[in-house]
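Colleague: Please take these sequences and the hints and turn them into a complete structure.
Protein chains: 2
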Amino acid sequence: MIVSEKQSASPALDLDGLFDASSVAVIGASGKPGKWGFGILSIILMKKGERKVYAVNKRGGEVLGLKAYQSLREVPEPVDCAVIATAAEDTAAVMEDCVHKAVKFAVLFSGGFSEVGGEGVRAEREVAEIARRGGIRIVGPNCMGHFDAYSGFFTLPYKLPVNAGEVSVITQSGNSGIGMLAMLHKVGLGISKYVSSGNEADLHFEDYLEYFGRDARTKIVLGYLEGLREGRRFLELASTITRDKPIVILKAGRSGEGAQAARSHTGALAGTEAVTAAAFRQVGVIRVGEINDLVDTALAFAGQPLPRGRRVGLLSMGGGLGVISTDALRSHGLEMARFSEKTIEKLDSVLSNRWSRGNPVDPAGDPRPYPCIWPLLEDENVDAVMVVGGIGVVGGLATLLPVHPSLEGEYAGLMQDAEREELANFDRLIEMRDKYRKPVVIARTVSGVMVEETSKVFEKMQQHFMTPYTSPERATRALARLVEYSEYLGIA
Amino acid sequence: MIVSEKQSASPALDLDGLFDASSVAVIGASGKPGKWGFGILSIILMKKGERKVYAVNKRGGEVLGLKAYQSLREVPEPVDCAVIATAAEDTAAVMEDCVHKAVKFAVLFSGGFSEVGGEGVRAEREVAEIARRGGIRIVGPNCMGHFDAYSGFFTLPYKLPVNAGEVSVITQSGNSGIGMLAMLHKVGLGISKYVSSGNEADLHFEDYLEYFGRDARTKIVLGYLEGLREGRRFLELASTITRDKPIVILKAGRSGEGAQAARSHTGALAGTEAVTAAAFRQVGVIRVGEINDLVDTALAFAGQPLPRGRRVGLLSMGGGLGVISTDALRSHGLEMARFSEKTIEKLDSVLSNRWSRGNPVDPAGDPRPYPCIWPLLEDENVDAVMVVGGIGVVGGLATLLPVHPSLEGEYAGLMQDAEREELANFDRLIEMRDKYRKPVVIARTVSGVMVEETSKVFEKMQQHFMTPYTSPERATRALARLVEYSEYLGIA
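Chains X and R are the protein sequences, given in the same order.
376 is the number that the numbering used here gives to position 335 of the first sequence; each next residue is one higher, with no gaps.
437 is the number that the numbering used here gives to position 396 of the second sequence; each next residue is one higher, with no gaps.
Please keep in mind that the hints were generated in silico from the structure rather than gathered at the bench.
A hint or two may mislead.
One copy or two, it doesn't matter: identical chains are merged, so the pair holds either way.
[Said to hold, decoys possible] Calculated cross-link-like contacts (lysine-lysine; reagent style DSSO-like; alpha-carbon spacing at most 27 Å):
id: 1; residue 1: 76; residue 2: 497
id: 2; residue 1: 497; residue 2: 227
id: 3; residue 1: 387; residue 2: 76
id: 4; residue 1: 497; residue 2: 73
Modeller: If you want it as structure tokens, here you go:
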């Protein structure tokens, strides 16, 4: 647990060599599945490219087709980055080797340091001191790796599906970080840079934040945070960065017991709940309550224009869903837009006289969502649109198939027509959304559960970061975050 | 909108003929995919069995291989149940036909009644009055069908995956009900009886509740509720039923605008929020906030022994997950159990000296969850166990595969061994859970996202209603409902 308040006037930190090392050595490399030194090396090799990769294992021999050097000192060429997965007690000696080799960055997976207290705290200080002496910057210890999806340098222990994109992640929990990555991929979001910061013996959450703030490929910063080591610096950085890109933070350790668990996890001191909340709000940091929430919020920021107010036009393909969704919107402080007379007229011309004639728009059985969306986007009393159900269902036909085998041929034709029509409608939806600069969030419900996630419509939704949320409540929460940020920026 | 306060002393309502009609006519039957009269008839035919099924369509001819009678009166044999999907304006005449044929039950899909106000209210009264005169009990109008998964009588418009089981559902929203069914199936829960009650012109939420309360196959009642027509009767029924089986209700229309939307949906008057909450609590009704919550809670009640207290032993396969989960448990008023000395000793003997030595149990890298669970179940200071991550991952190997192609053969063997071991461990988990009568809720995280949902382990989890929750927050919320009910019954 190393707590300090750095001067924020220090020169900009350069972590380029960490995220795109030209030569890397894995210390504790292993050929045995299940060992971290195996996972890490295998994954580095998968996207090797021009990068030089060396395996170090004190038993020597060969590991995954590479010569295994018994010590880092034996590696004949320069090593920029050392990835260390040895036992805690061996780490100081390994760090001395790193100094000897003039390594620039070390990623320390090894645990058993400050998070276990007592001797671990002293051992961590020792390792950090050796590194500092050699000018080596450390990620970790007790971390689960880092990567840059553009450079292809991955130090993860697991093979995860990751596409290059615009979200960067800083996490003080390796497992939560890996969960985040899996979920981000599932909704179609790509990553720029990722780091599991571990015990932060040297590089802090704030350092990565500064670097990601400057990274042109990073459009959204997500953080899992247990405690800040440089609170003032964090707030200064955040207040600058949030002018350009949203920072979304899950602050864990909110309860007394949670904070205690955080101490024995990464040795971080969780600040007072109320102080954190107020400080974050002041610098425009979006604070969320769970990992799903982080991912949902990132999705909204990736895909949507920022709303100019909190008045929502709600289209619910089902009356009950409209009631539930209205409850959700109101509970997040969003407002139900009052439609203009013109909007009511437009909807009258599209829908049967049984529609709800108000907000939420309940088409009362009419299965066509799109003609109801256009008037809402055009209405100047509407700042954002939420659609519950209906989209991505391929005209409701998917849900019927195959109720009667005698009609299978007929179905196939109908499905194709419906899919073609829906794809065209969805293109228009994106156009309209961008023309009117109003966010459109989609929630799945009934139909969503059954919609094939590999359908062309779903694929298109993912491409445009319009992946449906799994409930009206989650869609609402994400929309409320957009409004919050918009209000901070003075747009709403 | 027909509001009345019935006498609760009336004789027990017999709906057997509704849920297992021996002869049924679909009025408005259609051969055209997309029409409700098509979906409904197709689905009735799929599980026809000995049931006599008649198609009625005023244009005559043939529908899905059946002769289509131009009027119900032409059907040569008796009809017990009429399923009506005609236009609102034709429904009164159809109901006269039903009276003429001495039909006992009518399921009215047709909309355009009290939910649209004005003329619709009068039309609904007229239809209800005709039915009352003929002694016909009505489901709906403006409903989306009903079924009994044991009798095989389904009047749904869509083909949904439904297994027979112990959950019964009453819903005032057809779409929300269908969403519920899809989600219940996804987590492995089967259904006994289901009804979408629509506008409740005749049969009310309370009637179905009374009937499901007596149904021996119903162990859990789920309700989506916008408004009660017989509040006092509901509370009387609930106070009796909750002694035997949990009633879990999603009360929609909590916000002012939500309540307004409810009025134009099913014409139900949503009661005051605070009054509802207090009244529900008094009769042991579990109140939830969203559809996911309904399903999560049903899953907990289906699979778990009732806890004897609120002290939770938490095993988190990852430190950050432990922090998040502790926050979640505390925010739901659950307590972090203080382990006995013996439990600490047992865990010491299993885990490396890096484990957290407290609650949450963080094995600090040890990937074996089961040896950590047994001591928690055995500890008398623990009332319930929550496991976050680790289970269903097949020893963590699934996540590694296939990082290095050269090892594929080796992996396959390791995976098989791991799966065999995990299946045996899971069997023991069920035994231990039932022996100590302590609920064990499982949350997926990182690994969960990647676990194959068709794996044998996942299948076994579903069979035992131990399907993992998709986040620690959702697992916690479900566990808190168990504790709430347990406390109501005086067990906790």
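Colleague: Now tell me, hint by hint, if it's right for this structure.
Modeller: Evaluated hints:
In this assembly of identical chains, the alpha carbons of residue 76 and residue 497 lie at most 27 Å apart only when taken from different copies (25 Å versus 39 Å within one copy). Within a single copy, residue 497 and residue 227 get their C-alpha atoms as close as 15 Å, and across copies as close as 23 Å, so both meet the 27 Å cut-off. Only between protomers do residue 387 and residue 76 lie at most 27 Å apart by alpha-carbon distance; the minimum there is 25 Å, versus 63 Å within a single protomer. Taking the shortest alpha-carbon separations for residue 497 and residue 73, only the inter-copy value of 25 Å comes in at or below 27 Å, while the best intra-copy value is 40 Å.
The structure shown violates none of the earlier numbered hints.
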